[in-house]
Amino acid sequence: MVYEGVLEPVPWTQLFDQLRLRLQANYVSLAIRSPAPGDPGLVIFAGQARPTIAVVYERSLYALDPFVKLPRDRVVMLQELIDEREWLDSVIYRDFLQPLQVRYMMGADLHTEENFESRLRVSRGPDGAPFEERDRALCTLLLPHLKRALRLHARLGGERTERRLYAATLERLSIGTLILGAQGEILLCNRTAEQILAESDGLQLHNGRLQASSGLDDRRLWRLIRKLTEARAEPGGSVVEAISLGRRKRPGSLGVLLRSIARAERYEAGPPAALEVIIRAPERQAEPSESLLRQLFQLTPAEAALAVQLGHGLTLEQAALGLNISRNTARAHLRVIFAKTGVTRQTALVQLLLSSVAALN
1 MVYEGVLEPV
11 PWTQLFDQLR
21 LRLQANYVSL
31 AIRSPAPGDP
41 GLVIFAGQAR
51 PTIAVVYERS
61 LYALDPFVKL
71 PRDRVVMLQE
81 LIDEREWLDS
91 VIYRDFLQPL
101 QVRYMMGADL
111 HTEENFESRL
121 RVSRGPDGAP
131 FEERDRALCT
141 LLLPHLKRAL
151 RLHARLGGER
161 TERRLYAATL
171 ERLSIGTLIL
181 GAQGEILLCN
191 RTAEQILAES
201 DGLQLHNGRL
211 QASSGLDDRR
221 LWRLIRKLTE
231 ARAEPGGSVV
241 EAISLGRRKR
251 PGSLGVLLRS
261 IARAERYEAG
271 PPAALEVIIR
281 APERQAEPSE
291 SLLRQLFQLT
301 PAEAALAVQL
311 GHGLTLEQAA
321 LGLNISRNTA
331 RAHLRVIFAK
341 TGVTRQTALV
351 QLLLSSVAAL
361 N
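Heads up: the sequence shown is residues 1 to 361, going by UniProt numbering.
It should be emphasised that the hints constitute simulated quantities derived from the structure, not laboratory data.
By construction, the Cβ of each residue, glycine as well, lies at the ideal position given by its N, Cα and C atoms.
It is possible that some hints are incorrect.
As the list claims (entries may be wrong) - Restraint ranges, calculated between C-beta atoms of paired labels, are given here:
hint	residue 1	residue 2	range
1	208	351	36 to 44 Å
2	240	215	23 to 31 Å
3	199	163	25 to 33 Å
4	117	3	19 to 27 Å
5	163	137	38 to 46 Å
6	200	3	42 to 50 Å
7	351	191	51 to 59 Å
8	284	240	48 to 56 Å
9	96	284	51 to 59 Å
10	191	253	16 to 24 Å
11	167	199	15 to 23 Å
12	14	215	47 to 55 Å
Please model the complete structure; the sequences and the hints are all you need to start from.
Here it is, written out as structure tokens:
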């Protein structure tokens, strides 16, 4: 349960429910990120009145926790830290923990090699008994495994964040991406790629696999897919190929880049990824943000609005019409834009805008 719990929607829910029953506790909690003023933290709870105590803990219990700065990676019981009478007379117990039915406590502060700290806490109510050495022994046995699981959780969280950032960047650039298996089956597909395939113009889906609209293009495409699939068997065998696919409904071709995924890059379980496919449609361009253009090039709102229209590939006349301004006004704005960006031609301006970080907003 310790390692499987990393993959649960709320990590370690089953583990802490079982631990609570085994220890006859009313609460088990793990503060993965301790709450602080302005930050509710990340605390996992198992026990009675779970939603209520979670809210209370996030708001104020973090500042009143009697278990702070415990010895590293060692299970400590409350009676080792404070005299029983002093504890029962304390403001924290009388005004806060007693209403929550928290009478006896046991806990440990876990420190990973990455200097990451988590706090495990177990409590019993007034009807229970103080924790004993056998309870400590059980938690002590659990600690090293929980530490490893926490490291896995942190690493997986970092990788998921990284993937989300890369995926979001590609979406903002209007780039379609797919991951294919060894037989050409689609394993992953981003939203832009789904939209391009749904148009069935140059490239579409057929029986769950890619199919070019033209028979000739389809044969060329699959020759490349088979070539790159075989190339991945070689050590470090990452090969890149590109192909243009003709379209019937729109002008211009689809640009498709294929990259084999070498075996050394594939450690994950599940269907092995064999190919990465990147699709670019000429009409799908990244749209620069007006607010970022203003910040990057010190443009006025009117100048930034015109720059965005030109970035869409419109002529100056079309942009002026769309913005409901005269051609002379648009021309005056363009001269200022040229001066501020350091370019002298509209094509160079469009290239500058689409390659700037403003297109990543």
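Do the hints match the structure? See the list:
Take residue 208 and residue 351: their Cβ atoms lie about 38 Å apart, and the range 36 to 44 Å holds. A beta carbon spacing of about 25 Å between residue 240 and residue 215 agrees with the range 23 to 31 Å that was offered as a hint. Between residue 199 and residue 163 the beta carbon distance is about 26 Å. The supplied range of 25 to 33 Å therefore holds. A hinted range of 19 to 27 Å holds for the C-beta pair residue 117 and residue 3, which are about 20 Å apart.
A beta carbon spacing of about 40 Å between residue 163 and residue 137 agrees with the range 38 to 46 Å that was offered as a hint. A C-beta distance of roughly 45 Å is found between residue 200 and residue 3, which places it inside the suggested range of 42 to 50 Å. Residue 351 and residue 191 have their C-beta atoms about 26 Å apart, which leaves the hinted 51 to 59 Å range violated. Checked against the given bound of 48 to 56 Å, the beta carbons of residue 284 and residue 240, roughly 21 Å apart, lie outside it.
Judged by the Cβ atoms, the range 51 to 59 Å given for residue 96 and residue 284 holds: they are separated by roughly 57 Å. Checked against the hint of 16 to 24 Å, the pair residue 191 and residue 253 passes, with Cβ atoms roughly 22 Å apart. Residue 167 and residue 199 have their C-beta atoms about 21 Å apart, which keeps the hinted 15 to 23 Å range intact. In this structure, residue 14 and residue 215 meet the distance hint of 47 to 55 Å, their C-beta atoms being roughly 54 Å apart.
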